[in-house]
Amino acid sequence: GEKLTVKLIPDAQALEEVVVVGYGVQKKESLTGAMQTVSSSKLKDITTPSVENMLNGKAAGVYVAPGSGQPGASGAVVIRGQVTLSGGTAPLWVIDGVIVGSSAGQLNPNDIETMTILKDASSTAIYGSE
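All you need for this note's numbering is the position in the sequence shown, starting with 1, plus 2.
If you are wondering where the hints come from, they were derived from the structure by calculation, not from laboratory data.
Heads up, a few of these hints could be off.
[As the list claims (entries may be wrong)] Distance ranges between label pairs, derived from CB positions: (1) 80 to 46: 23 to 31 Å; (2) 11 to 112: 26 to 34 Å; (3) 39 to 108: 44 to 52 Å; (4) 103 to 11: 36 to 44 Å; (5) 103 to 62: 23 to 31 Å; (6) 46 to 68: 18 to 26 Å; (7) 5 to 48: 42 to 50 Å; (8) 7 to 62: 16 to 24 Å; (9) 38 to 6: 22 to 30 Å; (10) 44 to 103: 23 to 31 Å; (11) 4 to 47: 46 to 54 Å; (12) 72 to 12: 40 to 48 Å.
Ideal Cβ placement from N, Cα and C applies to all residues, glycine included.
Produce the entire structure from the sequences given, and follow the hints as far as they go.
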């Protein structure tokens, strides 16, 4: 018989078919909430010491208000102008499935591969109100 050579090429696009949410993994088309993922291609070559400032201009409905002007100061992140029950506008930061509060803290921006922004109540309900 004839010799058949098969070459497999990795396809990163196939990984985007599922989304990791607070309680497991779901297919992207079965999600009912509004969310947007900012990929590593949009995050590369950003020279900011602040994770909050990385989001500026990278996702629709996300506004980063200017910080104090001090070097390394982070801005305030507001997602679609939403407020919590207590009236705050700071987003809830969840890193690797762990709730870290209303700030990304001292996380190194170079360590981030992707960021997913949950934009509505149905998407954020699993994490509760902070």
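Self-check item: Ascending list of hint numbers which this structure does not respect
Solution: 3, 8, 9
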